[in-house]
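Following my numbering, the numbering of the sequence shown begins with 16 at its first residue and continues without gaps.
Check before you lean on any hint, since a few could be wrong.
Restricting the straight-line Cα-Cα distance to at most 30 Å, the calculated cross-link-like pairs of lysine-lysine (DSS-like) are [to be verified]: (1) Lys81 - Lys388; (2) Lys181 - Lys154; (3) Lys180 - Lys132.
Hints listed in this document are in silico derivations from the structure and should not be mistaken for laboratory results.
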Amino acid sequence: MARKGLTAKKLDNVAGKRQKSATRLWDGDGSGFGAKVSAAGRVTFFQFYYAPAGTVDEKGQDISGKRRFMTLGTYSDAYGLADARKGADAARALLDKGKDPQQHARTERERATREQKQAAQRGTVAGVLALLLWRFRRKGRTRRYIHDARRAWHRDVFPEIPREKKAADVTPQDIRRVLHRPLSRGSEHSARTLRATLHLAFKLAMQSDHDPRNLSSKVEFRTTANPVEAVPLAVEVNAKDRELSFPEIGRVWHEMGESTANPMDTLLIRLLLALGGQHITELREATWSEFDLDAGRWLIRAERHKNRTRDHLLPINKTADALLRELHTMRGRADYLFPQVRKPHLPMRVERPGAIIAALLEWQARLGKPMDKFTAADFRRTCKTRMHEIGIPKATTNHLHNHDFAGVSAKHYDRFDYWSEKQRAMTAWDIALRAAIDGKPVPEAECRAAMRWQDGTPTSGKKTD
């Protein structure tokens, strides 16, 4: 015999009255809706269900298929049976879409809390930092760059200027104390760089208040002057100039295989060189879906590239192809080329390439054959410089590295992919790289020949006007 549905009369009969033990009253229609009556007579509505696939709890553990009870509310004059039924209907509607109602509610609460926190930050020094980081993201700065900027603020700014302090109350004396921190550590370069980011951040705050697009905003920074202006610490950041010679490239190629027991580390560094010095982040976060080894192509989408203006199509030369196929036999089942060991659903950590190079330099020093210090970021400069050395035109290396070209024509109208030019350049680079690996002089004549069209016309004279 089917159970009778819940009624307000039935709930009134048990509400507020002590029971021998807690019990559940079901609606009787098989929907999972019901009410729990505690031993003290408190009536709480619930919705019973089985967790849909992909549901995780607060600890991040998968609970798909497990029994769950969602509390809807407590029976009272303000929350009655009709209100509870509406809540149960909404929960079942989410279940029909494959969503766990409790996980959905938790996500919404976290989102609301996050938005409230962000709103509270606006107008404060913490809001100024958020505005600065937003600008960096819009400009396509790398994650490492943004991470370093945020870390500098947490290390030197917030200990002197509380994050909740209003931006309008920041004085040049505050900035002076902030910049004294890196200077007291003997790091003048960090002090100059920090001053530059502080100056830009407060400039953005001032512009935000006067931006007509923010007219409806209820919170303003209300900064009438940039407090960094009065602090005399000129920014003179010198361009980096470390680039490896061809003999050094050959040495790094071979000694990478000896300095580490992890073949993934070796393949990462070798691929950075073989692929002509693409951005570390682009290779570190690359997925196998971007590669077509049969066609010899690597497609980097605009949203993953630094300049974020257009997709970047890169030819894969013979050396890079062999490395990629070797890597695929080791990590082909993962989405990323270089996944984390313990979290294979995530790409290699941002600091890992730097640690690999540091370990190589330390290993070389222990053997008594040190090299001049360099970083993983120097490979891009190295490849570009050595490419020019073997006769690859600057315009072609800019296309290989997807550098922006000045002018309205290049920015808005030129959509040619320069595939043939890039393909010949990667072939020439492969010839030079193989010679460096074998310890032989680079055959510049052969490299320059690879850059020519079949009819003998140099690459720099075709399709570029």
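Taking the hints in turn, this is what the structure says about them:
1. Lys81 - Lys388: violated (56 Å)
2. Lys181 - Lys154: holds (26 Å)
3. Lys180 - Lys132: Holds, at roughly 15 Å.
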